[in-house]
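There are 2 protein chains.
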Amino acid sequence: MSEAAAIPLDARAPVGMVGGGQLARMTYQAGIALGLTLPVLAEHPDDSAALSGAATSIGSPGSLEALRAFARECQVLTFDHELVPPAHLAALEAEGVVLRPGARAMRFAQDKAHQREVLGALGIPVPFNRRVASVDELAMFGDELGWPCVVKAITGGYDGRGVWIFDDPRQASELFASGREFLAEAFVPIDREIAVLVARRPGGETVLYPAVETVQVDGMFRESVAPAPMANDLRVQVGELAQRIAEATDATGILAIEFFLAEGRVVLNEVATRPHNSGHYTIEGAVTSQFENHLRAVLDWPLGETWLYAPAVVTVNVVGVSETDPRANLRKALAVPGVHVHLYGKGPRPGRKLGHVTALGDDPGEARERAVRAARLITGEETGGLP
Amino acid sequence: MSEAAAIPLDARAPVGMVGGGQLARMTYQAGIALGLTLPVLAEHPDDSAALSGAATSIGSPGSLEALRAFARECQVLTFDHELVPPAHLAALEAEGVVLRPGARAMRFAQDKAHQREVLGALGIPVPFNRRVASVDELAMFGDELGWPCVVKAITGGYDGRGVWIFDDPRQASELFASGREFLAEAFVPIDREIAVLVARRPGGETVLYPAVETVQVDGMFRESVAPAPMANDLRVQVGELAQRIAEATDATGILAIEFFLAEGRVVLNEVATRPHNSGHYTIEGAVTSQFENHLRAVLDWPLGETWLYAPAVVTVNVVGVSETDPRANLRKALAVPGVHVHLYGKGPRPGRKLGHVTALGDDPGEARERAVRAARLITGEETGGLP
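One line per chain: the protein sequences are G and W, in this order. Residues in the first sequence are numbered consecutively from 1, following the numbering used here. Residues in the second sequence are numbered consecutively from 1, following the numbering used here.
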């Protein structure tokens, strides 16, 4: 609530985005319709958003000087990642730069220990956790809570990176050799994973997207199915938790909240204070895309509606399996009926997110089948006759 | 069918667009998702598409040299308008430049007399017409067919420009003072206007979009309602005519065909060989937007499906009434539920198309109400409290 309400149009861009990845690319694309030209601060001139035509400043999110220079061109800064050091965020705010989300909200995504501590204290169900800095401390935690144990990097982890599962504390000796502190967590026997997007304006107004079921492979996001097939009481509970978390973080823009469903309970998994892979389905599947609502929220404009345009909306990531340019197989994928293909312009390599495919339909299984087929035709995992 | 089938990826852009208006802007936006970076040949650096981030060459569509230089950067050229002189199109094709649509197809949009003559000879219902070059010739035509008479510029007219209705031949004396030839047409007592989009690949494969009802004000396109409320036999007839016209023109890409419904008959009004205002509704309202299908067709990729995502999809143009920047009122419009706003980045002035608004719904009247309200809030014709 410390942020100013409305932003007048002046010579600076109304909003600029730190980071030049696919989230910035799709935010840029959404901005075109609103007459916004979103400049980005990217590390490389061939970053995804730079290739989409965004005015690009080259600079590291770790450089306060680069951030300052970029901030001078924009009325408000927002982010496509959590990689700006908290001290830089604090320095920028102290200098009067408007950050949306602000440093305080970003910390919930940047510092897992802080996130667990603050949200846990508010009664949000988080996994039982403790900071550990040695094999002995992990052993004590695991012997108390039971094995296996989850160990997470407190900062810097994402998409499965920075998460380990250990059956025995000695397996973690290499990890602790760095002298760093980690977060040990009780292992949650996950039945399913759920994600909820919230868009929130500076004044606190929010809109909630329908909960989606998500599928991870090796910790990396791979699929979403909207709406998540789940019992109504759980749906209500997840929505209420998401609202409370949005309020607690005081975030502006899109907030993506991931939950575990485990033995009938809802447990918080992760919080991201930016557009998120679990919300790509909103581009075609919801009245207002997460990217447009992120811009609206960051600009303190009225938020758009979030209902679905079809009974089932399935999004499947295109993840590289080789060095093949995804555009080489694109025409095969476009022969699959009713699929929306998004390529990010990124150089192909195995394990890299190169794009995604969304399909709308009446039945989630049928829509998923089309989306998976198109994604696998692009990567070359399936081959099809050339139409 | 003279065009090559598939286009390999090489150092040149797969496709470039001549013209930098809002059609190029929205085509560029659609291309981002497909990993295409569509360069444009624009007349001014602040043309709509140039502002959207498209790599922009500055040059006039009337300059063969500018067209040649632009063609060297692209494997295929397509167009956001019909303003390239036919002789230039022919010259480019003679030099081996791949034009999609080609010069032959473009002529149907560029030369109304040719269009009427060729399509009329194929049995397509066109208004009775004759070339006239003087008041006397017009008088003879009108006395034979009855007054009022419609007089059209044979080339260069669009969006109501280049069309006159005369009750008396003497009213046309100023027009004929130029010595130019015009097309005189029998006045059609229009009940309603209908538009149909066809996307067509070089090999002849087509997909047809649902017919929409359109509303013109002073000859300028203002609204579309999809699907057009019309009797099924007329719907079938319109679809068949559109298919036959697509075949006759041998066009590649989007072909927009406008019809009059007059006393239960279908009469051809206009043919455009490019994305069209009557298809803006497809961005959110149809499975595949006209802009994506234009790119797919021009690249000879499989065409996307064309069914509607809602029972009613209404698009209303934002037409300037003053010098007010449409972005100034944007936030008011975004408070209207479920509207998709598109601004073209164009400088405001009365009578200029500055953007459009699309609303999906179950009922066309209700959806139209929302779209009209949002459009009028942007222009300032309506005022609303600041949300």
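Derived by calculation from the structure, the hints in this document are not laboratory data. Please note that the accuracy of each hint is not assured.
[What the hints assert, rightly or not] Under the rule of at most 25 angstroms between Cα atoms (straight-line distance), these lysine to any residue pairs were calculated in the SDA-like manner: (1) W:Lys346 - G:Ala55; (2) G:Lys346 - W:Thr37; (3) G:Lys346 - W:Ala55; (4) W:Lys346 - G:Pro148; (5) W:Lys346 - G:Glu73; (6) W:Lys353 - G:Leu51; (7) W:Lys353 - G:Gly162; (8) W:Lys353 - G:Ala13; (9) G:Lys353 - W:Asp10; (10) G:Lys346 - W:Asp10; (11) G:Lys346 - W:Leu51.
Computed from a predicted structure; not experimentally measured.
Verification of the hints:
no.: 1; hint: W:Lys346 - G:Ala55; in the structure: 18 angstroms, holds
no.: 2; hint: G:Lys346 - W:Thr37; in the structure: 13 angstroms, holds
no.: 3; hint: G:Lys346 - W:Ala55; in the structure: 18 angstroms, holds
no.: 4; hint: W:Lys346 - G:Pro148; in the structure: 60 angstroms, violated
no.: 5; hint: W:Lys346 - G:Glu73; in the structure: 22 angstroms, holds
no.: 6; hint: W:Lys353 - G:Leu51; in the structure: 29 angstroms, violated
no.: 7; hint: W:Lys353 - G:Gly162; in the structure: 51 angstroms, violated
no.: 8; hint: W:Lys353 - G:Ala13; in the structure: 23 angstroms, holds
no.: 9; hint: G:Lys353 - W:Asp10; in the structure: 23 angstroms, holds
no.: 10; hint: G:Lys346 - W:Asp10; in the structure: 17 angstroms, holds
no.: 11; hint: G:Lys346 - W:Leu51; in the structure: 23 angstroms, holds
Comparing the model with each earlier hint shows violations of hints 4, 6, 7; every other hint is respected.
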